[in-house]
Structure formats: C-alpha cells, structure tokens
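> Under the UniProt record's numbering, the first residue of the sequence shown is numbered 1, with each subsequent residue one higher.
In short, the hints are calculated from the structure, not lab data. Hints are supplied without guarantee of correctness; some may be wrong.
[What the hints assert, rightly or not] Here are the simulated distance ranges between beta carbons:
| no. | residue 1 | residue 2 | range |
| --- | --- | --- | --- |
| 1 | HIS146 | ALA411 | 19 to 25 Å |
| 2 | PRO83 | ASN307 | 41 to 47 Å |
| 3 | GLY635 | GLY560 | 42 to 48 Å |
| 4 | SER706 | ASP686 | 51 to 57 Å |
| 5 | ARG519 | ASN307 | 56 to 62 Å |
| 6 | LYS6 | HIS146 | 52 to 58 Å |
| 7 | ARG50 | ASP548 | 26 to 32 Å |
| 8 | HIS146 | THR310 | 38 to 44 Å |
| 9 | ASP722 | ASP842 | 44 to 50 Å |
Virtual Cβ for every residue (Gly too), placed ideally from N, Cα, C.
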Amino acid sequence: MATEEKLVDYLRWVTAELHQARRQLAEVTSRASEPIAIVGMSCRFPGGVRDPEDLWSLVARGEDAVSAFPDTRGWDVDDLYDPDPDAPGRSYTRHGGFLHDADEFDAGLFGLSPREAMATDPQQRLLLETAWEAFERAGIDPRSLHGTDTSVFAGVMYNDYASRLRVVPPEYEGFVGNGSAGSVASGRVAYTFGLEGPAVTVDTACSSALVAVHQACRSLRAGECSLALAGGVTVTATPGVFTEFSRQRGLAPDGRCKSYAAAADGTGFSEGVGLLVLARLADAERDGRPVLAVIRGSAVNQDGASNGMTAPNGPAQQRLIRRALADGRLTPEDVDAVEGHGTGTRLGDPVEVQALLGTYGRGRPADRPLWLGSVKSNIGHTQAAAGVAGIIKMVMALRHGVLPPTLHVDAPSPHVDWDSGAVSLLTEAVPWPRSARPRRAAVSAFGISGTNAHVILEEAPAAPDGLAAPDGLEPAGEPTVASPPAIRPPVAVTVSGQTGPALRAQAARLLAFIEANPRTDRADIAAALLRSRPLLAHRAAVIARDDDDLRRGLAALAAGAPDPAVVRGRGTTSGRVAFLFTGQGSQRPGMGRQLYATYPVFARAFDDCCAHLDRHLDRPLRPLVLDGAGGPGAGALDETRLAQPALFALETALFRLLESLGFIPDRLIGHSVGELVAVHVAGGLDLADACTLVSARAALMQAAPSAGAMVSLRASRAQVEDLLAEHGGRVEIAAVNGPEAVVITGDREPVLALSRSLRARGVAARRLRVSHAFHSAHMAAAMDEVAAVAATLTFRPLTIPVASNVTGALAGPDDLGDPRYWAEHLRRTVRFHDGVRALSDDGTRVFLEIGPGAVLTPLVHDAVDAAPGLLAVPTLRAERGEAESLVAALAQARLAGLAVDDRALVGAAARPARVALPTYAFQRRRYWLDAGPATPTPALDDRFWSAVEEADAQRLAHVLRLPEQRVPALLDVLPALSSWRRAHGWRYRIDETPPDRSDAASTRRLARLPAAGGGSGRDWRPSGTVLVTVDPAGLGAHAARWLAAHGATGLILVGARATDIDASLADELVGLGAKVGTAVFDPRDAGAVAALLADLPAAAAPRAVVVADGTGGAPRFSTSTPAPSTSRRSWCSHPCPRPSPPPSHPSPARRPPRRATGTAGTAGTAGTAGTISSRTR
C-alpha cells in the first residue's frame, strides 16, 4: 500500500513537472515569435524630407528627389564629372539624392563643443537628431530613458568624413578618431541618452538598416532590452562611391533608380537616415505607446558562394523569404505587397523579382497579386539607410490605405518572366483598404557583401480604449450652492528649448501645428507635451482657458513678447518646498467659488470643513463664502468671527486639492490664523479639533475691544521700536513681515499719530481695514479663554514641520501642544519674517502661497530674494480666475523642476500622449571639417594643356565650358599659350616684402611657382568675395566658375568692355551658389580699382583677386586699411545694375584683397607681376 501511494505521489509530481515544462516551452516559443511594435519613426531623406509625413507626401505625389551633386562639401563638381565611364577619378553622373544640409547640426542640445561637433561624422550627428525625434514621436521624453536598458542598432557603412582628411588639424586631434569610428556611431547615441542596453553598429552595406532592425527584434525577444532604436544612416562625405561605381558602369547616368523597369540602366546613389523605436507589442500596449505597425517576422542570410562576390543569389533570396514567413508563422498568401530592393540594375532587379515570383507569386489568385514597388525610384538608393526607408514608406502606406506608385517605369523589365507567378508592378497608386484579415507588407534589402534581410510588417491592432478619468478630477457636476455651472479647468501647455531662440522656434512650430489641426483638443496637446517632451534650459507655459488663449500665448512666446497667459521658468530649482497659509485680511467674497465648481476634491474638502465649522457658527459658512460679492452675506466676511473660519475652510480645501495631485510640501508656515491651517494639515490637530480652535479664537477676538487700529509701515523693526517708548505701551508691533515691513497695532489715536510722524519722515504707511487691534494688549482678555479651549483638544506629532509665528523658528515637539502657546499666539508679534528666514536657512527654496491672493509671496521675496533658485508663487490671485491662477502656479512649479502631477496641469479629460506633436526645433549651424589642401590632381590641367599642345580649340572650349562662338577667339591664343607653357608654367604664390620703416606699407607680389614640384594652385581654396578680371578669350570666365564651385560666396566680375562680361556667365555663377556683381573699366587703372573698392560695402570687399589679362599688363591695387581676419559674404546678387564708370582719381578702399592668384593669367604674365600694397599695424 505504501508503495502504491509513493507511486501515485511520484506520478502526480511527474505530471505537474510535465505541465510546467510544457508551459515554459510554450512561453519560450511564444516569446521567440512575439510581435514587435513600431512605436516611433523619424527620418531625413532627399527632397527636403524631414519626417515620415514628408516621405509619404513625396511618394504619394510621385515626386522625384534626385538633384545635382552638393556644393557644400568641397567637391570639385565640375572636375568630377566626365561622361566617359573610363575616365579615371571621374563620375559619369552628376546627380544623386542628397541631404544638402547634412553639414548642419545642433551641437549645444547634445552637449558637444564646437570642436567636437566639427570633428564628428555627420552620420553620427544625424543619428543623434533623429534619435531625439524618434523618441519624441513615440511619446517618450528623450531624457527619461537615461539608465534604462534601451538598445541601439545602427546601420552605418561609410567613414569617409575622417578618411578624406590629409592632415588632421591640431585643434581637432583627439576628436576625429571617435568622431568617425563606426562602432562609436551607436555608442554615441547610447552615451548621449544614457541607454544601457546593447549598442551595436551594423555594416552589411546596403542591407545594414534592415539587419539592424532584425537584430533589434531578436534583442527584444531575448529580453536583452525593453525598448530598441534601430535603423541606418548614410552621408557620403566624398564622391568615392560615384567614381568607384562609374568604373563598374553600375550607375544610372541621370542618377535615378528605374526599379524593375525595362529602362533600368544602373543605380542612383543617395543619402538618408531613418530610425525606428521598437518595443514588444504587449509592452507597447501596456504603456500606452502609439503602435504604428507590427513586425511579424524577419530573417537574415547570406548569398554564400554565388556566381560573383557582388552578384545577387536568387535561391538565397527565396530561402530568406521563406525563413521570414516561418518566423512570423505566416504563409506567402498572407502578404499583400513587397517593398523591394529595386536598385535599378539590369542584373539585380530581375534576380530579385524571380525570387519573389518563386515564393510570394506562387499559388496566388490572379485578382490578388503581390504588389511590388520601391521607394528608391523616388529618393534613390540610400545605401545603409535603404531598408529603413522602405519600412517607413510601408508603415505610412498601411496607415493611409494606399500603395503608392513606383516611378520611371516605362515598361516592366523584359528580363523577368512575369507570367510565372502573380506579381504586379505598382506603376500607379492602388487602394489598400482594411479587410477581414490584417494587411501585411514585406521589405527586402540585399547587401553588396551578400548579406540579405527580409522583414514582414503587419498593420497595427485596434488601439485600446483611452484611460478613464482619474478619481477626483472628473467634472464636478451641478454645484450645491449658487455658483457658475461646472467649468473645465484651464490647461498648461509647456514649451521649452535649449536656447532662447529654440524656445521661440518651438512655440512657433506648436502654433503652426495647432492652426493646422484645429480639432485637436488642447488638453491632449498639453498632456502629450508634459509626458513626451523634456524641460530644457529655457522654458515657459501658456495657461489656456480656451483655444484663443492658447494661440495668443504661443504667438507671443514665438515673438518673444509678454502675454498674461504666459508664465516662464528659470531653470531647475533644488531644495525644500514650503506652503504658506495666508492670514486675516486676505478674504474676499466668492473666494473658492471657481475651485468648488471645477475640482471635486476641493469641493468635498470644503464641505467637510464647513460641516464642522457650522456647529460653532450662527449661520452656514458655505453660501456665505461662495455666493460672491453680490450675495446677501458678502459684507459679513469682514467680521473676524466669520473671516477666520472662512479662510481656514478655503486654505484647507486648497491644500487637500494639491495633496490629491501628489504635491506635498516639506515645510509649512502660516500667518496668524494661517498657522492653525498649517498645524491641522500637518497632522497636529484633526479636522474637528482644528475647527473648534479656529472658531473659538475668531469669536473671542471678535469680542475684544474695538477701539484700536493697525497700520502697515515700510520700515524696519529697529526704526519702529525706537519710537514705541514715546507712546507708553499703547502702540505695539503686531507683525514683522519683512526687513522693511512692519505692522503696528494698539490704541487708535497713538497708532495713527505714530503713522503720521513716520509718514512725515518719508516712511510709507497704510492703515489696514480692521475692526480690532490684533496682536496687542486689546487681545489680553481672550488669552485665557483660548488657552482653555486648547486644553480640551488632542494634539498629535506633526508629519510636516511647521515654522512658528511665536518663535520665528521651527516649532518644537512640545510647543504646539501647550495651551499657553495658543494664547501667546493671538497676543504676541507675528514673526513671519524670521520664520521665512529660518525655512530658507533650512534649505527651502520654493514657497507656494495657499490663500485667496498674493499677500505673502512679495514678503518672501523681500526676506530671501538673494537665495539661489528661489521660487515664490501664489496659488490664487484676486485679479485672475482661480483655476487659471492655480494652474499657473503649478506650471511655474513644474517649470522649476518640481514633481507636479500631470493631471494638475491638463485636467482629467486628457488622453494618453498620442498627439503627433511637432518635434524639437533644432538650432543648427554648419559644422564641416575642411579636407585641407588637395594633392595636386593633374587631370584637368592635363586635358587643358593637351588641347593646347594639339591646337584643338574645340576641345579646349569643352574643357573651359565655353560656348561654340568663343572657339575662334581660342584659335588666336593657342600658339601663345603653347609657347608660354613650354617656357614658364602658370602658377603663382603671394610674396610679401616687409616694409623698411614702421609706417610704411608692406607689399605683396605675385611670384611664379615652378612648373613642377613647387606646389599647386589647388592648394588654395577661395572664400568670401573674389574679384575676377574677365577677358575675351574666356579664361577669366573659367576661373570664375572654378571659384564659385570651390567656395567663393561672391564674385565681382571686372571687364574692360561691357561685351567682356557675358550675362549668361553671371546667371551660371548664381546657379553655382555665388552672388555676382559686375563692373566695367580698365582693370589696369589703379584709380578705377580704388574707386570700385571704396564704393563697395564692407561686407562685400574682396578677399582675393584673380587676374586673366591678355593685354600685356597686370593691374595694380592699393589700399590703406588692414584686412580683417574674418570671412565676409558678398555684396550683391545678379542681376545687378552695372555701376557708372568710376572717377579717374583714386579713393581709399574699405578692405584690401586678402589674396591674389594668377591661376587664370595668360599673356599678362609677360609683363610685371601685379602688386597689392596694404598698410600694416
């Protein structure tokens, strides 16, 4: 029997273990294929695409983003192009897709110094900015991720920003290495945001971004991270990829990808960056993240030993697709569309389509084909970012319900057997509506290294219902007394920026968003800002009762103008928080009325107070307080017996409202009766006992003799005390509120006499509207009775320290429980100033006034204004709506860095942060490290001199980019050029001859460089404005084109005759990005040159002179002012009015040319080299 029982127990144990093992196996299996949610996306792509919405707009409208080579990277774009595919070092295309502002960056936001920013690869900088945007778009405060296990997977394949440098300038040493290392690209993002999950840089060439997404999904499923950032970036700092693929004849001459088309003639390279924020779907839904789409499955594999290192492998692509489908537990029929690799090559595209036909295309009904397209037809091949560009496009297509067209398809490629499966090319937009099953799309990317990736997307599941309104903040419903109907509280719309201009720009962005989305609820906007945007150094909030308030406040903020609705922050405040409770005299009819109608927590607490106080009063308190100025009991609030209970009820209810919002102070202080509120809310007295003491104290003070007066003086305690003896104790100090804020009290006549005396000495004095002389001998009769009442109460230890009015210090553990304390409290001087100083010395930096108006707040500033980080704010202001005042006060606290519950600033109506707000307004400036002097590249010179030596005027005109009509002029100069070159060569440098006396002008002269081995004109890079003399042969025009393409921002063309300056040349130079001005005079006339320089604005003065003069003489230039060291921009844009002929007499120039070069000199070199004289200091 025992054996059978043991066997049964064993079988039970085994069965339990088996069930547990099966459950664990099911969990592991489920985890391995858990859907991954895309909760945020950001991007920059060609065509001015700044975000996913821009990308969708571009592809939906069928736009082409290909452009000319960038002119901001130091590329010699003219020299780079050659239509001959075999020309070494040349590209037979001069088009691609470029981020033309990739040289710009907001270094300050990310804590990079200008030197480090300059030395950091633009790819790393773009990853930082788009990471910030991706987090914001996911509804995540970027700075809230510090210390989390968030991971970074970044696809990067280039590091030519650093490798192009011949010599690293000394000031950038120590920065360039990390700034250009591929591993640091992901690490810098992790470091900057404080992310502690895996940080991996992926380089599988054109599949890098998609491989990064695949690895991020694996990391999430393995539990290595709870949030992942994944994508890729490409910026080509050099044109190397174009020259390399030109040799391979792999480029489309027009720079455009004709994906899957019969006209496909090569790829078109481009740039871009895209990042996704990924989370496990269950986590995203739990956290209320905006799920944009779901990644159902993904796979990565390799071509292996195919028929060529860079050749695609069709069978490998089919295996890849099947593996991704298996990962997502899907069949081919479950996928509607594929965003293909589609580079537009004659080899790659057909292999890819055949693989799709062999997988997705099999067994599909003819009326439901697999739709195929590629975003590369719009923006080009963004290389390491290509895969993420495809994902972003398809996510947007899912959200818009449309599959956009693929461009440049004249006809489907004839190299594909399209009839072998159901795959159709998207040559026009196709509707993609929701159906009974989820819509799905796949994205492919194939690296030139042979690494392939495939990701399957699924539309987002239906969003869960919004959160219910938190208890206590739902609309209060019908008020129980005469009051306005329940009102919606105002909201605080917070805006911040790292700098003042950034704050203004952010406000402008938000205003534009609101005007474009008028139906978006302001509470949702406010909530989204609070929950997904950091508070940066410059911060403000717009307190908006309605949409007009919001628009007006944002407009003022954007303009840097003041507005009543705008409150500003002064940076983060550290230190303790104190609540200050106002005393008698601050009461007003209707106080608390709006709060009662708006906040149920306030209403319930106020009603509780009134219920206890009414037991000691001869009339109900609630209607007396809330009825307002027109109510029957408005005047009764001036009676002490009612005013003090009314203040107690208001301030207690206001405290309970703040408490419900999680705003708990560290210290408390009250002014006179306000101290009773402080003791109650600190736990010293329960509500019943506190109401008993308050009402008894108020009644006894009301019963005191009324033949007294009180006067507020702008004087110090010492000043007043010196005069009190003259009045024989009939005048006392009622309160010391500040260093020069004293209230005197006592018998009416001596108090008023002392007031007149001080006023005559220039002391400001104001009589208070009170019926009694409080805190004076007039209160002596009430002391014993107050003590007797206090003796019947139960005092408990305080949970929050309270500063005492009696001692001016924090109350001791036994002080408040002594009945005599409360007797002395109504008789002795209120030491409010000392109490505030004690709190400040104790580390309190935030003072929030709890009362009907701003009474105590100015006193705090007077007492401790020098304290660093001080913030003193009233919760209510008599001249402003109560809900607005409260929200403004809490907004100021939030702007100061205090933990204020979001509900306090946005109300209960706000939903989770799912409003697609504008992202941060980066304040970019240019950071692009110049590559330095280039190694002499003889190709252009060789072509030039080859044409000269062969007397080929036609070819020389082509090299110089001259029109056909100039060929005869070249025939005239060819013999002279050939003869001169054999004798001299044609490069120059500037030699400066020092003066032989202190006030003499130094002289700069053009000196010939040796024809070989002595340097190159390419060692110099132009900047600023350059003056160029033009000649009939067109050499000056050639020089001007070179200057505009290599950095000159302005050109002044000088010709001896108007016909020397071709209007089409000026137009061409403007097209190259230069500003152009023209002048007509003999450039050998020194006086004319001086007059021209004198007429130019300082900003347009030339920094260099280029002479192309075939007349046999070189010009001479003089000036008497030194050259500033900074670069200036040019003075006029073409077309410009040509100046009148200059006067024959010389006039002083404003700036001398900075440099002269004979790069385009011809026959002029036979004469004296041009000289430039300048006075030095």
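> Against this structure, judge whether each hint is valid.
Outcome of the hint check:
1. Separation of HIS146 from ALA411 is about 54 Å and departs from the stated range, judged on CB atoms against 19 to 25 Å.
2. Hint check: PRO83 to ASN307, Cβ distance near 31 Å, so the stated range 41 to 47 Å is violated.
3. Taken as a hint, the range 42 to 48 Å holds for the pair GLY635 and GLY560, whose Cβ atoms sit roughly 46 Å apart.
4. Separation of SER706 from ASP686 is about 33 Å and departs from the stated range, judged on CB atoms against 51 to 57 Å.
5. For ARG519 paired with ASN307, a C-beta distance near 58 Å keeps the hint of 56 to 62 Å intact.
6. For the pair LYS6 and HIS146, the beta carbons lie near 57 Å from each other, so the given range of 52 to 58 Å is met.
7. At roughly 29 Å, the beta carbons of ARG50 and ASP548 sit within the given window of 26 to 32 Å.
8. Judged by the Cβ atoms, the range 38 to 44 Å given for HIS146 and THR310 holds: they are separated by roughly 42 Å.
9. Under the hint 44 to 50 Å, the C-beta atoms of ASP722 and ASP842, about 31 Å apart, miss the expected range.
Violated hints, in rising order: 1, 2, 4 and 9; the structure is consistent with all others.
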